[in-house]
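Order-wise, the sequence lines are chains R and Y.
Going by the working numbering, the letters in the first sequence line up with residues 4 to 353, in that order.
Going by the working numbering, the letters in the second sequence line up with residues 4 to 353, in that order.
Since the hints were derived computationally from the structure, they do not count as laboratory data.
Heads up, some of the hints might be wrong.
All copies of an identical chain are treated as equivalent in the list; a pair is satisfied when it fits inside any one copy or across any two copies.
[To be verified] Here are the computed lysine to aspartate or glutamate pairs in the DMTMM-like style, where the Cα-Cα straight-line distance is at most 25 Å:
| hint | residue 1 | residue 2 |
| --- | --- | --- |
| 1 | Lys141 | Glu52 |
| 2 | Lys343 | Glu205 |
| 3 | Lys98 | Asp111 |
| 4 | Lys17 | Glu212 |
| 5 | Lys17 | Glu120 |
| 6 | Lys17 | Asp276 |
| 7 | Lys98 | Glu109 |
| 8 | Lys98 | Glu195 |
| 9 | Lys98 | Glu311 |
2 protein chains.
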Amino acid sequence: MQRPRRPTLRDVAKRAEVSPTTASFVLTGRDDMRISEEARHRVLRAAAELSYRPNLTARSLRTKITRTIALVSDTIATEHYAGGLIHGSLAAAVKHQHLLFVSESEGDPDVEARLIEDLLGRQVDGFVYASMYTRQVKVPRALKGHPLVLLNCTARDAGVPAVLPDETGAGRTAARALLDRGHRNGIYVVGEMPADVFAARERRAGIQEALSAAGTGLAGVVDCVWWPEGAYDAVSRFLRSGPRPAALICLNDRVAFGAYQALSEAGIAIPDDVSVVSFDDSDLASWLRPQLTSVALPHHELGRRAVELLLAGDPAQPATEIERVPMPLRERLSVGPPRKPARAPVERTA
Amino acid sequence: MQRPRRPTLRDVAKRAEVSPTTASFVLTGRDDMRISEEARHRVLRAAAELSYRPNLTARSLRTKITRTIALVSDTIATEHYAGGLIHGSLAAAVKHQHLLFVSESEGDPDVEARLIEDLLGRQVDGFVYASMYTRQVKVPRALKGHPLVLLNCTARDAGVPAVLPDETGAGRTAARALLDRGHRNGIYVVGEMPADVFAARERRAGIQEALSAAGTGLAGVVDCVWWPEGAYDAVSRFLRSGPRPAALICLNDRVAFGAYQALSEAGIAIPDDVSVVSFDDSDLASWLRPQLTSVALPHHELGRRAVELLLAGDPAQPATEIERVPMPLRERLSVGPPRKPARAPVERTA
């Protein structure tokens, strides 16, 4: 690819009628050489007239700081909900005058190794290593010893700082949203909870903790994958066969979407007959009718915090701790008080 | 930030007991210097043992090619549906051994100018300039003369190649999905169509073209913003007051989502009573019940084509043309034949 010839420092010096060294000292703001105000002015004018821009590639060779960082992920760009992670990372990078490489391995270790090699070859100042789903990862060998923050994942290795959503807190929050409206009985979780899925395990722990503290517990679990169709099928079956629930805690908004469809077909009104609370606060939450109360996954904040931590990193005092980003409740219209048990009509005496 | 001392070419040469020049020739694969097989082997082994990686920053100063490209956009990373644009761009960049800077101006011209300056300072090889919504843009001055492909936007400037979805073709495709099942009458568009919105204008043109070719036309337009709530309100009002439609062409899946809610509340069955076809093929399309037939916005392919075009760019023969990426129909369950008009029951003669 061709491009216009780029004006060099030498061109600026020539136009300003000074030596390249003088021009360089003026343009990099160094004051350890005596330069007349008049010469300084000529250099700045020449630089402006030529649209000169300093060659940061050359400068980074001298300073060994490139002011670039890299976000290395499995498939983060593919996941709709994760746009916020990139967006938050970008915002923090721009704030600190850094540029961001975004790269994706699609889970292929060979691709990942090659990407990391390439990024190291370009001497990025640091890495955010991100996972789409919260999980424990093995930090790629090539990253060891480089400034690194894990995003949405943890590592066995000691001393690698990580930024994660506070899933246990989110579980407590969801349960409290129901408890606060008076729910104590008939509370079901919808969604499978395999022990190796962080979000499932921690949300469940938080839910049970809050219910226990209120002297109650879960009435049961409606087991299904975390997608609308599976949730629709499972909740439909449950409504046909099981006891009428008072409240559903759906493990994400897609599950809630399927639950809404099943409840609607069964003629059960939200929140009059059944309350629904969920996790994620994706767009879906505000599109459903009634709008869905959901505990937000703060993607933007997660990305922002990871980059902030990376750029503030002090290698003499590594942040070994895991930073938990709070997941706030977005209250909408899907939670109400429990339905009063139907009573036999009281006959009036005339 | 601190990092482990990086092994240099000199370290490799020393360990291999050859001159730095010899080591450099071996490691860059040059064959214009006679080097014994034994020395070559020593150099490669030393490089592996030291985890030596060539300094691409230094190399790019010599070759003037950095093998980096930049995606500059307004707010693409924020938009859920646009993850595919980044993903497709990444895939093509990786295929061609390039790394990708992703940057976002959030529509602020000052931020945009600073980002472009920074990227030019790092000597990226080329730019993809992307817009979240298809529109005409003014190419930033700083980008002129640099390898550039526009993504999801066009410019007045001649000679700037652009990659856009084929919205007119998509309009024809949506209309034909109905025509093919026998629809001729009672076909309504749902969604506002301001003349300055590319997608609206071109989809409408394509719809009308296909209907005209079949000797028919639109029965009307249900005007609403392209979001579920607005569509729900508008379609609900329309169903209460207007004639019963035979088919709805919703201008995106979010509009279809709102239309589904309104139809469901009115007790109108899809597709038995009313057929629905839409645009975007977002996740929603397969989550709705019945699953929604939708004309896909090929985000991944758009990103991929833009980067391919950029990296294949021949400055001697600029691609002045706009490349239109086809929008394929994803047939699901929301389109059926038109409902037969109800007949008076025929009395049987005994």
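Cross-check of the supplied hints:
1. Lys141 / Glu52: between (52 Å within a copy, 22 Å between copies)
2. Lys343 / Glu205: neither (32 Å within a copy, 54 Å between copies)
3. Lys98 / Asp111: between (32 Å within a copy, 14 Å between copies)
4. Lys17 / Glu212: neither (73 Å within a copy, 62 Å between copies)
5. Lys17 / Glu120: Answer is between; shortest inter-copy Cα gap is 23 Å, intra-copy 40 Å.
6. Lys17 / Asp276: neither (81 Å within a copy, 78 Å between copies)
7. Lys98 / Glu109: between (28 Å within a copy, 13 Å between copies)
8. Lys98 / Glu195: neither (40 Å within a copy, 37 Å between copies)
9. Lys98 / Glu311: within (9 Å within a copy, 31 Å between copies)
Of the numbered hints stated above, those contradicted by the structure are hints 2, 4, 6 and 8, listed in ascending order.
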